[in-house]
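Sequences listed follow chains A and B, in order.
Here the first sequence is numbered in the numbering used here, starting from 21 and rising by one per residue.
Here the second sequence is numbered in the numbering used here, starting from 2 and rising by one per residue.
To be clear, the hints were calculated from the coordinates, so they are not data collected in a lab.
Just so it is clear, CB atoms sit at the ideal spot from N, CA and C, and this is done for glycine as well.
There may be inaccurate statements among the hints.
[Said to hold, decoys possible] Lysine to any residue pairs mimicking SDA-like chemistry, simulated, CA-CA at most 20 angstroms apart:
id, chain 1, residue 1, chain 2, residue 2
1, A, K459, A, S394
2, B, K67, A, R224
3, B, K67, A, K459
4, B, K67, B, T3
[As the list claims (entries may be wrong)] Sample of chain B residues lacking proximity to chain A, with all beta carbon distances greater than 10 angstroms (derived):
id, residue
5, I15
6, R26
7, D41
8, L47
9, E53
10, F56
11, A77
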Amino acid sequence: MRFSGFSELLSRPAGCTPDAPALRYAQGGVIRTCTFSGLHACVTARAEQLRGENKQAYGILADGSFDCVVEIFASVLSGRRTVLLSENAADDVLIEQVREAEVDSLWGDPELLELLKPALRKTAEGGAGKLLFFTSGTTSRAKAVVLSDASLMSSAYNGGALLPLDPADTLLCMLPLDHVFGFVCGLLWGLSCGACVALSRGARCYHEDCVFFRPTALSAVPALLGFLLKYRALNPELRLILIGAGGCPESILTAAKATDARVCFGYGLTETSSGVALSLGEGDPYAMTVCPDDTVTIADDGEVLIKAPTCMMLGYWRRPADTAEVLKDGVLHTGDLGVLDEAGRLRLTGRKKEMLVLSDGTKLYLPEYEQALSDALGGEAVCVLLVNDLPILVLEGEMRDTTPIWARIRPVLDARARNQQIRAIEFYEKPFPRTASGKIMRWAIQREREGL
Amino acid sequence: MTRREEILNKTREIIVESLPELEGREFNEDTVINTDTGVDSMGFTLIICRLEAAFNVRIPNRQWQKLSTVKDVVDAIEKRMPKA
């Protein structure tokens, strides 16, 4: 069902199906249910309170709880510009993000609020209906993408049009709500189809949540799905698994298909409010049908270009030059490489951008990482590739003892999140291929390594 | 056996229980969990949860990223256990 925004998403089912379950969550070890009318009442009451506080821009540390969901919807309904922040980001990253997004009020873990308070602004620019999501990197290059509740609801509609859920379904929301895939495919997709959304109890309970909530649908990043499969943590009622936000290794896909669930794969970007194309669980899982509101074309150099009038970002917050660089005449230049088959289905073939997307959906910006590694190695030429979804370091020249190399790069790795740390060192026994301007052609090394 | 040795042994046991493919591998306090054991971030979360349950402590989620070696994990648990 198509909704114009969060207000309609909450009010329409509250009128039509007031007693249908909207959210399930755990409280004191017991599953609580909030109906659509209950959710509407909670959100409207909280929105009224927020309006009275006379603040314009609200940073929400998204912990995935029931209160957090109410806070996000209420903030948007109250007319505040809403900024979603990761409670697991490093302190300095969070402080930077709060400054960058120019917020004047915050919600979340009290300990974190104390840390972030000095970064708050006294006054801030509002923006009714605007939601800011930081692209999921953890470096200074992470940008806030300005979306709207209307674009997010269009994206949810796109997902529901290709993969409908019904009111008897329970969608388990395990992904962080500060990530647009988690927000749209973990929350809005379910609610917009009239299904119930079960809110995960958090990372400590990931391995038990499926059995606890008995979902029929699950959206997951490849790393999470791989974990659930490895520890046999999926429940037998599960009928649909949507994988997104990162390249999915064949091994995970194969294991997922061995369950009784229909396994679909999605492609989208924060800039397009999540999903652009989905495989529908039949035939080639990597051949994705383009969503109804979107148009995909392929540029001469293979880059995936997207026109998504209803789902496209409004721009990067306070970065018009960056916006203009990727969004030209309403067409998003994604930096991904792909092809369209004769049926118009999209298949991704690689990345043009200087960025890797890890299997948990986070992005690894390479220039500064490679610079730090190169500096640690006395200016040696380096490149970082993703192999079996793990970052590896490639050095130019003949194979040599890696022990002193590990010792020298260890401080750089320790400063990085666990999933970004280099797992192996390899050697490229000839000069790195470079562009005319001297930049290392990382994609060419990757393709050569994969025997393409 | 000192308390630290007890934590170290339990940590080894839980890592192997969570990653059976590591059975027979040597672990010491300097073992870097990521690169030396191949555990991914999700597997690491499970190990920490099992250790928390075993020692009845709670390591805040935001601290997890800072735990690199087995020693870091043992320190984090020891610090949160009641004084002997």
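>> Are any of the numbered hints broken by this structure? If so, which, sorted upward?
In response: Checked against the structure, the hints that fail are numbers 3, 4, 7, 8, 9, while the rest are satisfied.
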